[in-house]
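Chains as they are written, first to last, in the working numbering: chain A, 1 to 354; chain B, 1 to 325.
These are calculated hints, taken from the structure and not from any lab test.
Please note that the accuracy of each hint is not assured.
[As the list claims (entries may be wrong)] Only some residues are given here: those of chain A computed to face chain B with a beta carbon under 10 Å:
hint	residue
1	106
2	115
3	134
4	216
5	323
6	327
7	329
8	341
Quick reminder that beta carbons are idealized off the backbone N, C-alpha and C, glycines included.
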Amino acid sequence: MNATKDYAEAPINQQLSAEEKISFLREMMRIRRFEQASLKQYQQGKMGGFLHLYIGQESVAVGTVSLAGDNDHIITAYRDHGHALAVGMSMNECMAELYGKATGCSKGKGGSMHFFAPDKRYWGGHGIVAGQTPLGAGLAYGLKYQGITGSCLCYLGDGAINQGAYHESLNLAALFDLPVIYVIENNGYSMGTSQQRSSAFKSCLAERADGYNIVWDQANGEDLYEVRAKAQVAIERAHEESRPSVLEIDTYRYYGHSVADANSKKYRSPEEIDRYKQHHDPVNLWQQRLIDEGVIDTDKAKEIDLAAKEEAKASVQFAEDSAFPEPEAILEDVYYEVDTDSEAGQTGRHFFND
Amino acid sequence: MRTITYRQALNEALAEELTRDENVVIMGEEVAEYNGAYKVTEGLLDRFGPKRVVDTPISEAGFIGMGIGASMLGVRPVMELMFWSFAYVAFDQMINNAGCVRYMSGGLIHCPIVVRGPANGGTNVGATHSHTPENFIANTPGLKVVCPATPYDAKGLMKTAIRDNDPVYVMENTLLYGESGDVPDEEYTIPLGVADVKREGSDLSIIGHGRAVITALQAAEVLEKEHQLSVEVVDLRSVRPLDEETILSSVRKTNRALLVDENKPFCAVSSHIAAVIQEKAFDYLDAPIARLNALDAPAIYSPPLEKIQLPNVDAVVKKALHVCS
């Protein structure tokens, strides 16, 4: 691997129009501004539960999702806001979900960790570490069963690779030739435990795929071109050979595991965080790249950022103005057959509240 | 009418649904080439081929989760657990993913999946292989659980479970696989949430599910012949959804209730049935509701003792006489 290789020269990147390149910047800025707005509201007590921020990792979701076609499906873990916006979910429905409002993407029933948009082939948003990895294999299995050429991009964190479910999924994916791509977003910390203290490995985490005869690769997450170039290879493998891949993308989160992570500046130094912000920030680096390429100028970048900020602000207002679900909603969306009032849904007692 | 075994009845249900709907796929350990650890899937690989009948590795969390993921795309997997006890390594997938994804997505996703296999003690395989988790599953809104006691019910309920659009967990019983019963020649289904009065009576209602129903029916014979008691036996068939009306109308008729249940007593299915009767038929009761559960310890290996640990005919008779005294 040539460390100085310029992935802008990869065919998948050479064919990008200026507008497409700008759209990636816009998507990354939207994710960052959305999350900054959500953090502010979280700190003001406007939402409950956890808030796992994606800030610092935006290039991973935007770069990989930018390659997804009509039959490429997405599923991730609980740090799911970035992927949600990248697949085209609106800030309004996402912010409202954080607020627990009826206008939220899950009607206020899922919260931060459980965003879904199956119409956009986005299957969540899963709260249990690595719990989504067998589901990702299953989505790929479903595509293959139905004779559809497609893939499933299944994201997981570096902390998830030690869960049995991930290993079982790798075995099944290889055994059944499933078109699934496991994207390890390696931000270096499984909550407060560094990679060195949590995972046994030889050269990198993706390398474990070797044991399952799965092709793997590593990418530098600060370079959106590299993320796209390497993810494209994996997607082609899925489409053309119906074979799985593991792609480890090195990245970094600026905030804690969640906002409730009180030790986020204790298990790593402030200098380390600053170093990433100064020198490895994927949004800044992409912006500079586009300026260097003459695709945009500083004013245009500011304009995009301002628009993202305004959109995020409006989403807060939308969430504020939205109503909470009615109490009756507690008992809706439990059983398909009950919700659709089918004969099965009307037969026997499904709920036991009085 | 034909007389076939519980195992054959299940096999027919699977074969008929494989024929009816090309989205149905059978998956599990040893279901294909080995013809099923308990031969429930015997012959299906030959008839339907390897796309429809799929052997999986011993990897319950992985393959059950994979089935759940495929079901979100419209595949209708029927997953075999060699023992329901093995579900415990797949509980995150079965409870969090299959059980909660519809709710957490605000109704955008549903999982038309069936997980089936034997869930019973009584075969001297020790505690790890003898669990009866129907109470755990029934405690999870979003999931459905059925426990057929006869070949007729096994076939009809299995076919309905496969057609249902929610996750349905079917708990069979290795001690019943070889039992025979009448099954119609023509196609039929049995709705979930409808209990069955397996025997009519007027002095006492014995209510149960799964193999406990068979035990209750045998005890009812003894009670009639030796003690001149007319016993009604109500088979829940489906634990969730639950047919409360059939339970309550039986108790209102007999005024006495004995709940026989292979679950351990604490928070058992029978605990819930007792609460329902107490709340809705209290004034009809001539005696406290009685329960007979598996004795409250992990399943013992020692064969003669395991017979004592589970509800058996002698224990049911004794308890019934006490309720009717």
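Results for each hint:
no. : hint : in the structure
1   : 106  : holds, 4 Å
2   : 115  : holds, 9 Å
3   : 134  : holds, 2 Å
4   : 216  : violated, 19 Å
5   : 323  : violated, 15 Å
6   : 327  : violated, 15 Å
7   : 329  : holds, 9 Å
8   : 341  : violated, 12 Å
Consistency note: the structure conflicts with the earlier hints numbered 4, 5, 6 and 8.
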